[in-house]
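Trainee: Now for the letters of each chain:
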Amino acid sequence: MLEIIKQPWPWYIAGPLIGLTVPALLLLGNKHFGISANLRHICAACVPAKVPFFKYDWKKEIWNLLFVLGIIIGGAIAASWLQNPSAIELHPKLAEELAGYGITNYESLVPTELFSFQSLFTGRGFLIMVVGGFIVGFGTRYAGGCTSGHSIMGLSNLQWPSLVATISFMVGGFIMANFILPFIMTL
Amino acid sequence: MTENKTTISSFDTDHEVRALDTMCINESHLTHKWYHNIKYIIVGILFGIVFVKAEVISWFRIQEMFRLQSFHMFGVIGSAVAVGVLSVWLIKRYKLKTIYGEQIEFHPKKFNKGQIYGGLLFGLGWAMTGACPGPLFAQVGTGALAVIVTILSAVAGTWVYGYFRDRLPH
Chain A
-9 MLEIIKQPWP WYIAGPLIGL TVPALLLLGN KHFGISANLR HICAACVPAK VPFFKYDWKK
51 EIWNLLFVLG IIIGGAIAAS WLQNPSAIEL HPKLAEELAG YGITNYESLV PTELFSFQSL
111 FTGRGFLIMV VGGFIVGFGT RYAGGCTSGH SIMGLSNLQW PSLVATISFM VGGFIMANFI
171 LPFIMTL
Chain B
224 MTENKTTISS FDTDHEVRAL DTMCINESHL THKWYHNIKY IIVGILFGIV FVKAEVISWF
284 RIQEMFRLQS FHMFGVIGSA VAVGVLSVWL IKRYKLKTIY GEQIEFHPKK FNKGQIYGGL
344 LFGLGWAMTG ACPGPLFAQV GTGALAVIVT ILSAVAGTWV YGYFRDRLPH
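Protein sequences, first through last, are from chains A and B.
Following the numbering used here, the numbering of the first sequence begins with -9 at its first residue and continues without gaps.
Following the numbering used here, the numbering of the second sequence begins with 224 at its first residue and continues without gaps.
Treat the hints with care, as some may be off.
Said to hold, decoys possible - Computed, partial: chain B to chain A, Cβ under 7 Å:
(1) Thr236
(2) Asp237
(3) Ala242
(4) Tyr258
(5) Asn260
(6) Lys262
Said to hold, decoys possible - Calculated lysine-lysine pairs in the BS3-like style (CA-CA distance at most 27 Å, straight line):
(7) B/Lys315 <-> B/Lys262
(8) B/Lys333 <-> B/Lys315
(9) A/Lys(-4) <-> B/Lys333
(10) A/Lys40 <-> B/Lys262
(11) B/Lys256 <-> A/Lys(-4)
(12) B/Lys262 <-> B/Lys320
(13) A/Lys50 <-> B/Lys256
(14) B/Lys336 <-> A/Lys40
(15) A/Lys40 <-> B/Lys333
(16) B/Lys318 <-> B/Lys262
(17) B/Lys318 <-> B/Lys333
(18) B/Lys320 <-> B/Lys333
(19) B/Lys320 <-> B/Lys256
(20) A/Lys49 <-> B/Lys262
(21) B/Lys315 <-> A/Lys(-4)
(22) B/Lys262 <-> A/Lys(-4)
(23) A/Lys50 <-> B/Lys320
(24) A/Lys(-4) <-> B/Lys320
(25) A/Lys49 <-> B/Lys320
(26) A/Lys83 <-> B/Lys320
(27) A/Lys40 <-> A/Lys50
What the hints contain is simulated information worked out from the structure, not anything from laboratory work.
Since this is a predicted model, take the numbers as computed values, not measurements.
Think of the CB as a built atom: it goes at the ideal place given N, C-alpha and C, for glycine as much as any other residue.
Use the sequences and the hints to build the structure in full.
Mentor: Below is the structure:
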């Protein structure tokens, strides 16, 4: 049994389980699934600085910060005891492209050549980790949600603005991965 | 609670402020002791495990998705939405209540241009970091500690958005 769990889970197992988070949170306490709002709660809790957008009772959303704490713990549990012993299997075209940028280690879920404290001091490492993170935070709040809030919760509730947001996410990602990232990776 | 012309401490207004540009909020009108929140940690743990095991948090899988080289991520998101749609429909259809007997609430989301501009920006960032906010946290859990830098940067991005919010087109 454990051997089966340790294998990478197929989409038709993982997707429905992720989808079940929506009714689970609603039934447990009228909570709407979404993660990027936590970045705002962290701002509201730590550096509200008289910005109206951060002046609200963030303690009402502690459930969500705890949900994220759970995600971190879940990540640690999966990595410690349920980890697939073999490296990730990549599409050969992607492997070929990445090899051109010197990325050949697939042992970790994030490429160690890009995501490390040393990499922060390289052009591409700084852009990907720091600038990338910044626009994830800026963009999700500007859009009013991320993949969970819009693409899963919003679409589950058939909200057409969430469909607009989801399409925008995909267009942005497509442009970056295909046209901009190849340049960044050479820096 | 401090008062100024933009915030009023009454409950409903606080709800409005929290709901500004946010899909996901606590719609409950009940207050509970702190330990009632433990169940959200448990849901988070299960969710985090699925994230790792389905390789949703893999930078490589996100690259494949945006290069249309793999169906995996589209399958994950698509089937998650299908289950979500069915669940929400059932909850509305049978007017299901929470375990505390409270009516489950839904509020329609208004369109604004931020969903396009912000959405495009987030998409650019998503393909760079190879992670949306949930997976960023799960990655830290798996031991990729350098991703803490990315999260702090995302918090900074959120703060800068909040600061310039009134001057941005919406």
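Trainee: It remains to establish, for every hint, whether it holds in the given structure.
Mentor: Now the hints, each set against the structure:
no., hint, result
1, Thr236, "violated (9 Å)"
2, Asp237, "holds (5 Å)"
3, Ala242, "violated (9 Å)"
4, Tyr258, "violated (11 Å)"
5, Asn260, "holds (5 Å)"
6, Lys262, "holds (6 Å)"
7, B/Lys315 <-> B/Lys262, "holds (23 Å)"
8, B/Lys333 <-> B/Lys315, "holds (20 Å)"
9, A/Lys(-4) <-> B/Lys333, "violated (42 Å)"
10, A/Lys40 <-> B/Lys262, "violated (33 Å)"
11, B/Lys256 <-> A/Lys(-4), "violated (37 Å)"
12, B/Lys262 <-> B/Lys320, "holds (17 Å)"
13, A/Lys50 <-> B/Lys256, "holds (12 Å)"
14, B/Lys336 <-> A/Lys40, "holds (25 Å)"
15, A/Lys40 <-> B/Lys333, "holds (26 Å)"
16, B/Lys318 <-> B/Lys262, "holds (23 Å)"
17, B/Lys318 <-> B/Lys333, "holds (23 Å)"
18, B/Lys320 <-> B/Lys333, "holds (25 Å)"
19, B/Lys320 <-> B/Lys256, "holds (20 Å)"
20, A/Lys49 <-> B/Lys262, "holds (16 Å)"
21, B/Lys315 <-> A/Lys(-4), "violated (37 Å)"
22, B/Lys262 <-> A/Lys(-4), "holds (25 Å)"
23, A/Lys50 <-> B/Lys320, "holds (20 Å)"
24, A/Lys(-4) <-> B/Lys320, "violated (36 Å)"
25, A/Lys49 <-> B/Lys320, "holds (23 Å)"
26, A/Lys83 <-> B/Lys320, "violated (49 Å)"
27, A/Lys40 <-> A/Lys50, "holds (19 Å)"
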